[in-house]
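Peer 1: Based on the hints, put chain H in the right spot on chain F.
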Amino acid sequence: MQPLHTVRLTVNGQAYERQVEPRLLLSDFLRHELALTGTHVGCEHGVCGACTILLDGQSVRSCLMLAVQAEGHELKTVEGLAPSPDELHPLQQAFWEKHGLQCGFCTAGIMMTLVPFLETNERPNENQIREALSGNICRCTGYQHIIDAVLHASHPS
Amino acid sequence: MKPAPFVYHAPESVDQAIELLGEVGEDAKLLAGGQSLVPAMNFRILQPSVLIDLNRIDALTYLEPTDDGGVRMGAMTRQAAVEHSEEVAKRVPLLQLAMPLIAHPQIRNRGTIGGSLAHADPAAELPVAAVAADASFVIRHNGSQRTVAAPEFFQGMFTTDLGPQDLLVEIQWPGTPARTGWAFEEVTRRSGDYAMAGVAARVTLAQDGACEQARLVYLNVGDGPTLAPQAADMLRGQSRSSDLFAEAADKAAADEIFPFGNVHASPNYQRHLARVLTIRALENAWQRAAG
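Protein sequences, first through last, are from chains F and H. Numbering that gives the first Met the number 0 puts the first residue of the first sequence at 0, with every later residue one more than the last. Numbering that gives the first Met the number 0 puts the first residue of the second sequence at 0, with every later residue one more than the last.
In short, the hints are calculated from the structure, not lab data.
Cut-off 20 Å, straight-line C-alpha distance, at most; resulting in silico cross-link-like pairs (SDA-like, lysine to any residue):
id, chain 1, residue 1, chain 2, residue 2
1, F, K97, F, E86
2, H, K1, F, Q1
3, H, K1, F, V40
4, H, K1, F, H44
5, H, K1, F, E32
6, H, K28, F, Q1
7, H, K1, F, V19
8, H, K1, F, Q18
9, H, K250, H, Q237
10, H, K1, F, R22
11, H, K1, F, T36
12, H, K28, F, H4
13, H, K1, F, D27
14, H, K250, H, P228
15, H, K28, F, R22
16, H, K1, F, L33
17, H, K1, F, H4
18, H, K28, F, E20
19, F, K75, F, Q91
20, H, K1, F, C42
21, H, K1, F, R30
22, H, K250, H, H271
23, H, K1, F, G41
24, H, K1, F, H31
25, H, K1, F, E20
26, H, K28, F, P2
27, H, K1, F, A34
28, H, K28, F, H44
29, H, K1, F, P2
Isolated chain F, as found in the complex (with noise of 0.2 Å):
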């Protein structure tokens, strides 16, 4: 085993440390490290988007980033979403509510693209949002209810 870096940063708000190895992917340290199993890996080169979460408020591809570069950072995945146990964040309502997932191994990746798109865009278009989600890949809805609950959830009525 190689000689292990030290690794201290925040996720969802909570401060950790660990001792990894430099080549070790910042998906994997979230998932084995960490044990926040919500992001997902599919590809591991950057396509399709499963492992996306924010850093610093941007989203990213967790598996093209090294567990030490996030050193110092702030994170977000998705378990930092829900504002307590009882209560789901306003997206995750919309995908409930308007069937945005199936398999669900794509969602997590979506919500996280989605966050601060909507942040910067509180009442997209449909496409605006098809453009915002190009780098996420579905393999299940066929992406028309994910439109859905994306327009649901930015366009109260």
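Peer 2: Relative to chain F, chain H alone:
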């Protein structure tokens, strides 16, 4: 699909990085945004024994206007920062057209200007934009510095002027001359995919509205940014006409590009796309030059 072991360094200054390169450059890869390097390492296509992470070097992230009306950028400037920069939109409008075409927002949040240019993927937008806009590259080496113009910088597929101990530190984009318009057009199967073909066009008009000069640079139809000087020359001194654009497009597509084809498009289809996009790009660039 995990990287092979490597020794990891995270220098905090340019000097430290250059010193490290001097010691281990032959065995090392530089880690910038990681959006091309880490996939290659995950697949074990690349197995560097040493990785020098540039992400702790704050001094390489900057975006400043220059006196000639252009912009200079530190090599570690994130693509998203360039995409959203008002200075860039004003001074180097070609970049404002090209940046949103690069992959996806998540990739652009980590990907860097210098990393993409140093990687020199023939399917990448930034090398084509650099050649179209006359960008130059400031490169540091133990004890020396040099500036290389874009056409000399790109030397082939994934090959640049950078040697194993070189560090690309800055990219300079000149200001846009008067009466000059730009276009960047590409076709992808899905938004954010690698383009099957693409073109950057630049048109400068004379006082009387005729074309003074033009430039056409193509994407993914050769082993790097591919210039079509003969096609571009056909516009010189001419006034705007659809027939003229079609002739130039025919010339470029038939004689000046060298598409290999790939799983998404045959070489013939790439030529067809190049032809259609040339017309579109010349229309748009001319319109912007005149407007």
